[in-house]
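Chains as they are written, first to last, in my numbering: chain A, 5 to 128; chain B, 5 to 128.
Below 30 angstroms or equal to it, Euclidean Cα-Cα: the simulated BS3-like pairs (lysine-lysine) are:
#1 A:Lys31 <-> B:Lys128
#2 B:Lys60 <-> B:Lys31
#3 A:Lys60 <-> B:Lys128
#4 B:Lys65 <-> A:Lys128
#5 A:Lys65 <-> B:Lys128
#6 A:Lys26 <-> B:Lys128
#7 B:Lys31 <-> A:Lys31
#8 B:Lys37 <-> A:Lys128
#9 A:Lys37 <-> B:Lys128
Sample of chain B residues facing chain A (criterion: CB under 8 angstroms; computed from the structure):
#10 Ser16
#11 Arg18
#12 Thr36
#13 Ile73
#14 Leu77
#15 Ala79
#16 Asp113
#17 Met115
#18 Phe118
#19 Val119
#20 Thr122
#21 Ala123
#22 Ser126
#23 Val127
Chain A regions said to be covered by chain B (calculated; three or more residues, Cβ under 8 angstroms):
#24 18-28
#25 69-79
#26 103-109
Keep in mind that the hints were calculated from the coordinates and are not lab data.
Note that CB positions come from ideal geometry on N, CA and C, so glycine has one too.
Number of protein chains: 2
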Amino acid sequence: MSRALLVISHGSRREASNTEVKTLTDKLAAFTKDRFDFIEAAFLELAEPSIPAGIKTCVDKGATQITIIPYFLAAGRHVAEDIPEIVDAARPDYTDIEITIAPHIGQSDFMAEFVANTAISSVK
Amino acid sequence: MSRALLVISHGSRREASNTEVKTLTDKLAAFTKDRFDFIEAAFLELAEPSIPAGIKTCVDKGATQITIIPYFLAAGRHVAEDIPEIVDAARPDYTDIEITIAPHIGQSDFMAEFVANTAISSVK
Chain A
5 MSRALLVISH GSRREASNTE VKTLTDKLAA FTKDRFDFIE AAFLELAEPS IPAGIKTCVD
65 KGATQITIIP YFLAAGRHVA EDIPEIVDAA RPDYTDIEIT IAPHIGQSDF MAEFVANTAI
125 SSVK
Chain B
5 MSRALLVISH GSRREASNTE VKTLTDKLAA FTKDRFDFIE AAFLELAEPS IPAGIKTCVD
65 KGATQITIIP YFLAAGRHVA EDIPEIVDAA RPDYTDIEIT IAPHIGQSDF MAEFVANTAI
125 SSVK
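One chain only, chain A, in its complex shape (with noise of 0.2 angstroms):
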């Protein structure tokens, strides 16, 4: 069993911002290495590789269960509707594979300790 996480932001037309999300995605891989075999990144729009081709990397690679984490703060109609009507139209190609889509980071239960951290840090 192999098993992947798949990052996906929203895209961005500045090639920096995407290259910032390819940048932590390489970071990930050293906080994740007991719960994830590999990493990947796709955006939602505006920048390749989209979310079917993110999904497809991470069959070929081998991934059994793929986890798609939303980088998106707010839960506007691209975590609501976008997101899932994406995975869910790609679902069928892939009827063995585990695809689970987990809450965008601005629900996650760490982000105010994460932003504390970051404010204190800054002033120190």
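With the hints as your guide, set chain B onto chain A.
Only chain B this time, still in chain A's reference frame:
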């Protein structure tokens, strides 16, 4: 000396989204009480209070130091230009107050660990 933390988010036409940010701000107090005396929220646009109103509230409550943290993932125009410009325009009104802008949360050194913890807790 009284130290305030002012959390700035984009603001949304969806009131639920603005409420999410205010709820987060309330939760922050538990993690920041050793460093900040109180916490306020303000919005760049589409919601109240505005950034100048948020700064004024901090000062009215006795803040002599205000740390502004942009609750934004990407270093787009809002983070790079709009927020600094609005804050700079307010500075002349508060020449005896130390106002600093922390890095936006997307740039935080703690982001990778935070996203990792969020993803891992979602699959446990």
